[in-house]
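Colleague: Okay, here's what each chain looks like letter by letter:
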Amino acid sequence: MVYLILLFEFFKIGLFAIGGGLATVPFLTELANKYDWFTREELTNMIGISESTPGPIGINMATYAGFMAGSAEHGSAGGVIGGVTATVALVLPSFIIMLFLVRALSAFKDNKHVRSAFYGLRPAAAALVASAAIAIASVTFINAGEFTRYFEYVDIKTFALFAVCLVLSISLKKIQPLHLIAAAAVTGIVFSM
Amino acid sequence: MKDFFSIFINFAMIGTLTIGGGYTMLPLLQKTVADKLRWVTEEEITDFYAIAQCLPGIIAVNTAMLIGHRHKKIPGMVAAALGIIFPSLIFILAIAIFINRFMEYEIVRSAFNGIRAAVIAIVVHAVIRMLQSGVKDFFAAAIFVTVLAVFIFFSVSPVWPLLTGAACGIALKKIKREV
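These protein sequence lines map, in sequence, to chains S and H.
Reading the first sequence from the start, the letters are residues 1 to 193 in the working numbering.
Reading the second sequence from the start, the letters are residues 1001 to 1179 in the working numbering.
FYI, nobody ran anything at the bench for these hints, they're computed from the structure.
Take these hints with a grain of salt, some might be off.
[Said to hold, decoys possible] Okay, the calculated beta carbon distance ranges per label pair:
(1) H:Arg1177 <-> S:Phe108: 18 to 26 Å
(2) H:Lys1031 <-> S:Ser106: 20 to 28 Å
(3) H:Val1145 <-> S:Val139: 19 to 27 Å
(4) H:Val1108 <-> S:Ser76: 14 to 22 Å
(5) S:Phe8 <-> H:Ala1167: 20 to 28 Å
(6) S:Asp110 <-> H:Ala1141: 20 to 28 Å
(7) H:Ile1175 <-> S:Asp110: 16 to 24 Å
Built from N, CA and C at the ideal position, the CB exists for glycine as well.
Using the sequences and the hints given, assemble the complete structure.
Modeller: The following block contains the structure:
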């Protein structure tokens, strides 16, 4: 039953994803490996769409992943149910925590042990997102199939575009993900990548 | 019921105008929920945003729920949560239903080949930002390197590195007698 699996998996993501919407990416990479719902390439497309459409990225990606899972087994209607299921499941853990602990939350934030835990959590979360970046980069930059010479192994055009985007993103404070994605889409079309 | 609907609509509008991450949402919240509607003060929003980051889940949704709760208790929290996820459901489901038909066109595939390069840059930049704010000494850097190495070579659930990281954090601070 795909909806029950979605409920379980996204509840787990909602409980453990810490540090912004992109912190859910390592969990989604795990889902791509574990189930036949979407490939890593489709996951990378999903992140791109989620970054450039209205709504928080984490929620957008959950809706999208849920749709892919539901539609893989039950068509578009199943996809809609899957999208709603995954989104609600993602929100549920923090909803339940707030329901019972809303008064204690200010104290929780300043608690010494919570601070210590976050001291160890933040680098671990960063490492998970870094490994997710490696996972999606490996399917994007490395050409599949036959190649005759060494330099054909790496997709030079895509890697160059990545490098330019990264430099722009770091150096220009005002640039938003949406701008980068729009510019990269145009570049992809112009150079028929 | 009128309050419930008003909270839902306002958060749905904030969700619609939030493109590309929680960082764009904060100024929007201050303008709408604090300045215009006066449901909470600007200081409360800053507090809620800080608490939201320490809770599991999506920061934008957590912030919205805390504001909703402050304004109208549990019904307010439900309305805020539903409102902030509503635009995602509408836009993403609409796109997801039709995307496969668009993918048949060469031009759309080329665009997405470019978009994926930008996405990786965005994720790498997010890692850099997480390192800048969360890794400030040797032990934190050691946790980062260890988790990265383990996670590349072994396929484990992301839950375990996170729990281990939290346990290491508490243990290290105890050993260093900072707590």
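Colleague: Hints first: check each against the structure and report whether it holds.
Modeller: So, going through the hints one by one against the coordinates:
1. H:Arg1177 <-> S:Phe108: 18 to 26 Å: holds, 23 Å
2. H:Lys1031 <-> S:Ser106: 20 to 28 Å: Distance hint for Lys1031 (chain H), Ser106 (chain S) holds at roughly 24 Å.
3. H:Val1145 <-> S:Val139: 19 to 27 Å: Check passed, 24 Å falls within 19 to 27 Å.
4. H:Val1108 <-> S:Ser76: 14 to 22 Å: holds, 19 Å
5. S:Phe8 <-> H:Ala1167: 20 to 28 Å: holds, 24 Å
6. S:Asp110 <-> H:Ala1141: 20 to 28 Å: holds, 25 Å
7. H:Ile1175 <-> S:Asp110: 16 to 24 Å: holds, 22 Å
Going through the hint list in order, the structure satisfies each hint without exception.
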